[in-house]
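Participant: Chain by chain, the residues run as shown.
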Amino acid sequence: MTKIDMRDAFFERLVDAARLDKRIIVLSADHGAFALKKFEEEMPDRYINIGIAEQNMVGVAAGLAASGKIVFIYGISPFVSLRVLEQLTIDVAAMQLPVNVISVGAGFTYSTDGPTHQGLQDVSAVATIPGMTILNSSDPTNTRAFVEMAIASKKPHYIRIEKEKFSDFPGGFEFNDNAGYSSFGNRDSKLAIITTGITGQIVFSQLEKWTSEFKTSIRLIDVYRIKPFPNLLSELKGHTHIVVVDETYKSIVGSNISSLLLKINEQQLLLIADTGELFQFLGSTREFMTDFAGLSPVRLERKIALFLGQN
Amino acid sequence: MTKYSELNLDPMELTEKSRQIRIDILKAIHKAGKGHVGGAFSIVEILVSLYYGNVLKFDSKEPKWESRDRFILSKGHAGVALYAVLADLDYFPKEELDFLNKGQLLGEHPDPRIPGVEIVSGSLGHGLPIGSGMALADKMDKNSRKTFVLMGDGECYEGSVWEAAMFAGHHELHNLCGIVDRNGLITHGTTESINRLEPFADKWKAFGWEVFEVNAHDVDELQQTWMQITSKKSGAPSMVIANSVKGKGVSFMENNFNWHHGGIDDTKLAAALNELGIKVTHDKN
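For the protein sequence lines, the chains are Z and A, in the order given.
Note that this note's numbering gives residue 48 to position 48 of the first sequence, counting from 1, and the numbers run on in steps of one.
Note that this note's numbering gives residue 111 to position 111 of the second sequence, counting from 1, and the numbers run on in steps of one.
Because the hints were derived from the structure by calculation, they are not lab data.
Be a bit skeptical, because a hint or two may be false.
As the list claims (entries may be wrong) - Only pairs whose alpha carbons sit at most 27 Å apart, straight line, appear in this in silico BS3-like list of lysine-lysine: (1) A:K102 - A:K27; (2) A:K94 - A:K279; (3) Z:K209 - Z:K165; (4) A:K139 - Z:K22; (5) Z:K155 - A:K142; (6) A:K139 - A:K64; (7) A:K139 - Z:K155; (8) A:K64 - Z:K155; (9) A:K142 - Z:K154; (10) A:K57 - A:K142; (11) A:K64 - Z:K154; (12) Z:K22 - Z:K155; (13) Z:K190 - Z:K263; (14) Z:K154 - A:K139; (15) A:K142 - Z:K38; (16) Z:K37 - A:K139; (17) Z:K22 - Z:K3; (18) Z:K22 - A:K279; (19) A:K139 - Z:K38; (20) Z:K22 - A:K142; (21) A:K268 - Z:K22; (22) Z:K237 - Z:K303; (23) Z:K37 - Z:K163; (24) Z:K37 - A:K142; (25) Z:K163 - Z:K3.
Extracted from the complex, chain A is given alone in its bound form (with noise of 0.2 Å):
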């Protein structure tokens, strides 16, 4: 059991638990065939800073725990990434990652049947209009729990996104948190080129939102910001850019969007996990 005020992390642990992560995600995605390595690797370290810096109540032994905070991942094709964190912190047993996509507990995109998982995600555009909600009954019932969203940057294509961006603003849903994973990627090129999404801190700003930029990969950062954010009372919702890396630690599939989705074979997962520091040796035999 795991329980949230068990769990704070210091930034060189933090930064530890993201690497070890990552090799658990890289493992399943082997095992599964194929996956959305790109965009699970670049969030990383926004989830371990959120799960382990002592920045969520949850208690993994209780999923539905009624003080929980809620966290929902928008851009559900990362939900591998989302996997490997609730698995360490013992939501489910470990070994349910190695049957990734293969008819048992997870499926490519989460689904409440998961233990610590909110809400069905897949298509895009969902998470905001949602969590806005969340944080709407919990103002109207003067609970203090947060509601944290992460969405992909291309994601933000969805006109939904801004009918709730208009929404919680208006609300003055100060106990609301969206997070953009700002990788600059999307299927097939970047986002600049496909589908102007900039000056994108202004267009929250002026939806009524108080904007963060950060460093994804900063725990450092991370912290602080979710610091100034939890500690609010009122005002607006708050929106954290969050500037990452596509593929963020293994350097071939670094800001590539061809890694967005695909398979991992034994040579390229063991190139992968050397780069995170462990060494994999083949028997030929």
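Isolated chain Z (complex conformation) (with noise of 0.2 Å):
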């Protein structure tokens, strides 16, 4: 199956999108993208680079989008969220404005650059803005029906994009705008896997070998609108282990899937897989850091033996 880059993927329909309407502007903090240099290119005057001022850059969507524009502000991950939370939450949230930031760079994307590019807090941050959706690409389809969802909805969003090269979930992946998540396997389980952006794929990718290894068949449900976070109470129901896979630190989908447990009140189990209470200044390819935080394919699989008594 082809892949595509996310940011390829959503660009290219926004850029479809403002070609209809023109009401959609694009701020960018000095920061790029292939397919965003054909939204520069073709409508200029409605691409504005507005430099390395990240809190200025919120502030100005918000008066743009007061006057009547549906904003997209781009930038990567912790600079449009940890700088400029006080921004979002009162000149874009608390206004209900649309400007929907572009935030590139999640987890450890930036893997070699330290904790000051890692895109590890700022889920948990943005989830602490009333009225600001949260959404999170996992797959081609998803990322580009985001662009619709933002601009038809008028409402502030945050949107995670993966700068990685995704191929679309096969078909027996559900997906529906409305849910905001996408499930695939059987419901009659014992183990369920909640992933989120890129975990989507990583646990994808071993689902095979891991429904031989644990002995058991999977379910995956991948949640990519985790605020407000999905209605997944009837799909947590008869699962006995679940386990939550996330590249954030303090993970808001675990938090959230601990709360739905509580209500379900059943005995189960969870297991949620999230990144350090360290910083992780080593420079390493992603796979090096997702590894280190114990993310990657091989310590997932290890720790979900053990988990399921697997030894």
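Join the two chains into one complex using the hints; note that each chain is given alone, in its own frame.
Facilitator: So, in structure tokens, the structure goes:
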């Protein structure tokens, strides 16, 4: 199956939308992408490189949006989340303006750049903002759909897009714009794995192997809308072992799942695999970093085996 | 209903209106128990000249009128001054001032639920970036609207102010007018002793702004400045450094940073009103 850079999937769709809707403006904090270049070349009057000034970028976006524009602002994850948390809260969310953050660099994407560039806290931080929808790309289909979802809603969005090349989840996945998640596999299986972002692709690539290793069928639920969190209550019922895999620090998906399990009140076991407590100054490949954080296929396989009591 | 075109007070009338607005502010803060009186009093003539001197285009019956000019009170803690003006212009009933900070329409800091208020403010350093976005949208769409952003001088310690200053200067947002209430005081002392702002005008000039230095309480001077600024069709954004007196109008509040925020009891209210030309007698019974 063809693999596509998630930035291309997103920006190509955004270019299509902007050709038809003159209200769409893109602001970038001096950050580029191949497909975004197309936007800049074709619609130079609606693309502004605002410079390395993210707080101003959010404020300017709010002013544009308050004047009838639909604004997409683009930058590296920590700089368009942590650095601008107050601007996103007050200028955008409190006034429910159509400003959409395109955040690139989820998790260990910028694996050699250290904690300054890692996207580990963004979701937890942005999730504290009332009225902010959070979307997390995990395949080309949902990444493209985010463009239309954001434009149609006219509300604020924080959209995480990957730099990696992904292929679509195969036909078994049920994708529904409104649900906020896709699922694959047997509802009656003992083990359910909840993923978000790149971890959906990592886990999916291992499903066949793990089904054989763990001698159980596996249900995979990929959450692409982290906030508002999808209604997974009925989906979680019946699974005795639930694993959350999330390449963030203090997984918001994990805390939402644990709240739902408390509501279900069955004898279900939960394992949350997210990144560790320490700042990761090591510079290496993303694979090395995810392995170090315990989220590589090998490390996850060991964790899940132990969790299932299969030493 | 008040339309901008119906209001064109002369300087004497603007001065009298400013006196009335100060009285409304005092009474509102007295009823609320406490408030930011010092920074509200320092901007009264600025607001009055903008709203009553045929500068801002607005329609109080239709606060979201498409062609209105935008006024952003970035120093949101002076919200009570804006509320007094908006109430006087019939944006909402004047009685609302009696319920400041009592769970009704008006809170300490403005928000767009309030007719006539454009943005949420309170945290400093937000108004100029947002105003720059509004001015940019108007420039893109070739609208003739103007955007005014009123900031405090202490607010200019915020880095986001200078990010926006650089942006607006670079994009030559001629339709953007910043105003700094240069009263020289922040909550705990003077700007120059705590973290020097001067040479303040030179800083704005260096960022590409056309700078006007005015007496913030001289309505004549203010009116002349607004006229120059609103006639601009291109070029640099405008920055009005409005040299003001915190607590202006009441002698014991003037230039006293202790009046940045606080309560006004009956005795102080009477003394303040007395200075504003209203004799208050207390009923001892």
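Participant: Now tell me, hint by hint, if it's right for this structure.
Facilitator: Taking the hints in turn, this is what the structure says about them:
1. A:K102 - A:K27: 14 Å, holds
2. A:K94 - A:K279: 22 Å, holds
3. Z:K209 - Z:K165: 22 Å, holds
4. A:K139 - Z:K22: 15 Å, holds
5. Z:K155 - A:K142: 26 Å, holds
6. A:K139 - A:K64: With a Cα-Cα distance of about 19 Å, the restraint between K139 (chain A) and K64 (chain A) holds, given a limit of 27 Å.
7. A:K139 - Z:K155: Between K139 (chain A) and K155 (chain Z) the Cα gap is close to 24 Å, so the pair holds against 27 Å.
8. A:K64 - Z:K155: With a Cα-Cα distance of about 19 Å, the restraint between K64 (chain A) and K155 (chain Z) holds, given a limit of 27 Å.
9. A:K142 - Z:K154: Since the Cα atoms of K142 (chain A) and K154 (chain Z) sit roughly 23 Å apart, the hinted pair holds (cutoff 27 Å).
10. A:K57 - A:K142: 17 Å, holds
11. A:K64 - Z:K154: 18 Å, holds
12. Z:K22 - Z:K155: 18 Å, holds
13. Z:K190 - Z:K263: 19 Å, holds
14. Z:K154 - A:K139: 22 Å, holds
15. A:K142 - Z:K38: At roughly 25 Å apart (the allowed maximum being 27 Å), K38 (chain Z) and K142 (chain A) satisfy the hint.
16. Z:K37 - A:K139: At roughly 24 Å apart (the allowed maximum being 27 Å), K139 (chain A) and K37 (chain Z) satisfy the hint.
17. Z:K22 - Z:K3: 30 Å, violated
18. Z:K22 - A:K279: 60 Å, violated
19. A:K139 - Z:K38: Within the cut-off at roughly 24 Å; holds.
20. Z:K22 - A:K142: Cα-Cα ~14 Å, so holds.
21. A:K268 - Z:K22: 57 Å, violated
22. Z:K237 - Z:K303: 22 Å, holds
23. Z:K37 - Z:K163: 15 Å, holds
24. Z:K37 - A:K142: 26 Å, holds
25. Z:K163 - Z:K3: With Cα atoms ~12 Å apart, K163 (chain Z) and K3 (chain Z) stay inside 27 Å; holds.
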